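Colleague: Here are the chains, one letter per residue:
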Amino acid sequence: MPKTLFDKIWESHEVADGLIYIDLHLVHEVTSPQAFEGLRLERRRVRRPEKTIATADHNVPTDGTPAARLIADELSRRQVEVLERNCAEFGIPLYSLGSERQGIVHVIGPELGITQPGMTIVCGDSHTSTHGAFGALAFGIGTSEVEHVLATQCLVQTRPKTMRIDYSGALAPGVSAKDLILATIGRLGVGGMAGHAVEYAGETIASLTMENRMTICNMTIEGGGRAGMVAPDEKTFEWVEGRVGAPDDLDAAVGRWRELPTEPGARFDTEIDVDATTISPMVTWGTTPGMVVEVTDVVPDPAALDSPADRESAERALAYMALEPGLPMQEILLDRVFIGSCTNSRIEDLREAATMVDGRRVAGSVRGMVVPGSAQVKEQAESEGLDEVFRAAGFDWRSAGCSMCLGMNPDILSPGERCASTSNRNFEGRQGKGGRTHLVSPKMAAAAAIEGRFVDIRDWG
Amino acid sequence: MDPIEIIEGDVSVLDRSDVDTDQIIPKQFLKRVERTGFGEFLFYDWFRDGGLELEPNPILVAGRNFGSGSSREHAVWAIQDFGFEAVIAPSFADIFYVNCTKNGMLPVILPAEHCRGVAEAGRARIDLDDQTVDYAGGVVRFDIDEEVRHRLRHGLDDVALTLAEEDAIRSFEQSGAADRGPVTTSL
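Heads up: the protein sequence lines correspond to chains S and E, in order.
The first sequence lines up with residues 2 to 462 when you count with our numbering.
The second sequence lines up with residues 251 to 437 when you count with our numbering.
Some clues are possibly wrong.
Stated by the list, open to error - Straight-line C-alpha distance at most 20 Å; calculated SDA-like pairs for lysine to any residue:
#1 E:Lys281 x E:Phe293
#2 S:Lys434 x E:Phe279
#3 S:Lys434 x E:Ile419
In case anyone wonders, no lab produced these hints; they're calculated from the structure.
None of these values were measured; they are calculated from a predicted model.
Start from the sequences and build out the full structure, keeping to the hints where you can.
Modeller: Here is the structure:
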């Protein structure tokens, strides 16, 4: 029977019924302390430290603080220092604050070349789905499961269902991978992919860069999906080649990787077709990523929704966001713009944003910040002069970290502030208590910073 | 982990859909390195500014897609530490559901009309052996993976169970099947 990409990876990692082997375990400071403590209490060791790697990202200040012991916030400092101690005690390689390899965990995996096709990859972070862009099975886990993987290198799992979303046609100019995934979540709903490993397929996906594919797989969790995946191809192999973590015998590895893509006729539990040519630049208006409209639309009217639950959610969201139904999205005025996060902080994202701001100035009413996803992205961007482009436009150019995606570090919104953000979640208080988040692509965020409001970048500039 | 057999008592009702784990336990409380004491931070902003009130009853009834978003297990620790032993909802986010089962917290999926019924009844009895929820509106059966049910029923520790599979893990590793991917210690 023809097999899917997911089937092949799953079946080649089954140690026993319901027990799968993990090839790479990514660790960060927030969801690991209790797992290491659990190991200590039971006098257990880390079974395969050489399949484990750690970095500090959620808590780190982005002001260039060079070492954990210099983090001003006491609790953040303690959490990063605890990570450093745990990694030293259990023999796990760590790229902490100050390392030239430090960065957002989902940015540094691909960057180091340790994210490879056919692997199983887990991390105590829901955006682990990002790594599926390489044709890996990658998903987020909780702290108990982190402890389980540390102790056993395996994970107890019920096999998810499979979904394929087939995209046809080319994205219109000005429309990005971020718009594609936001539009998809808007259509399917934030629980629409629940219980599924999702393969993003079709000519549209094949034409996208690895960075674009990572953005799409990253947001799978916002649609409720367990894992997002893209079949590996020449672009995938080229990405891995030459990176520090690439296989010694790359040709042999590529030979195996070519066997991974879904075979013709393979069965999925759910199949969805999307005409990518109809996708427009998207902006969220509410407090879930599924509350999203085209930039040319108006804020929707909850009264027009069919189900009472949807109506009530929409009303609550509009009250929190301080928006009235019928207001054109392009008339929403902004206080802040954030370009960064594991969704959109890679070099290509920064290049795209830079093309929009080059030679322009951020609106006087807006504070804009750009946060590269890793120390290496920062260095690359600076070598290309992107930092100067952003600075000259009035953006704040920061050091690597999760930054204002989740407000666990000093980068937060003040109550009532409204932000155009390239991150992944517009939940209440996500970027700071009382903060109001609108999710957009890097180009849309950059243009919004210049104008002080959302603009349709297809006819702007 | 305490074994679960019967969970019975009054229900608290959170009639909202897509409640994300950022609301259940806001980010500022994720900086703790302990596993206990999260109950006082449950629904921190909604309790303080949002007018939400919940009694720490044994059972919480919630809306669809409960526990969406971040994988933070702190959300389950907070719900449990607050006093809830089971959550009944029309659907749960995948990671949250798994996190519940790793902590001896029972997630029960019931059709929306029965969730409303339990909420209105104000009291219910959940039987994990029979896989039923008994309330004023009747007795309704719920589905749960048999292996997950078995582990919850007996309060079994996943790590200990998997370590007992040492032979299988070792033979998997020795077969060469575990040789995929990089050696992180030599980068």
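Colleague: Take the hints in turn and mark each one as holding or not.
Modeller: Do the hints match the structure? See the list:
Note on Lys281 of chain E and Phe293 of chain E: the hinted pairing holds, with a Cα-Cα distance of about 16 Å set against a maximum of 20 Å. For the hint pairing Lys434 of chain S with Phe279 of chain E, the CA-to-CA distance comes to about 13 Å; that is within 20 Å, so the pair holds. Taking the CA atoms of Lys434 of chain S and Ile419 of chain E, the gap is near 46 Å; set against the 20 Å cutoff, the hint is violated.
The structure fails to meet hint 3 from the earlier list, while all remaining hints are met.
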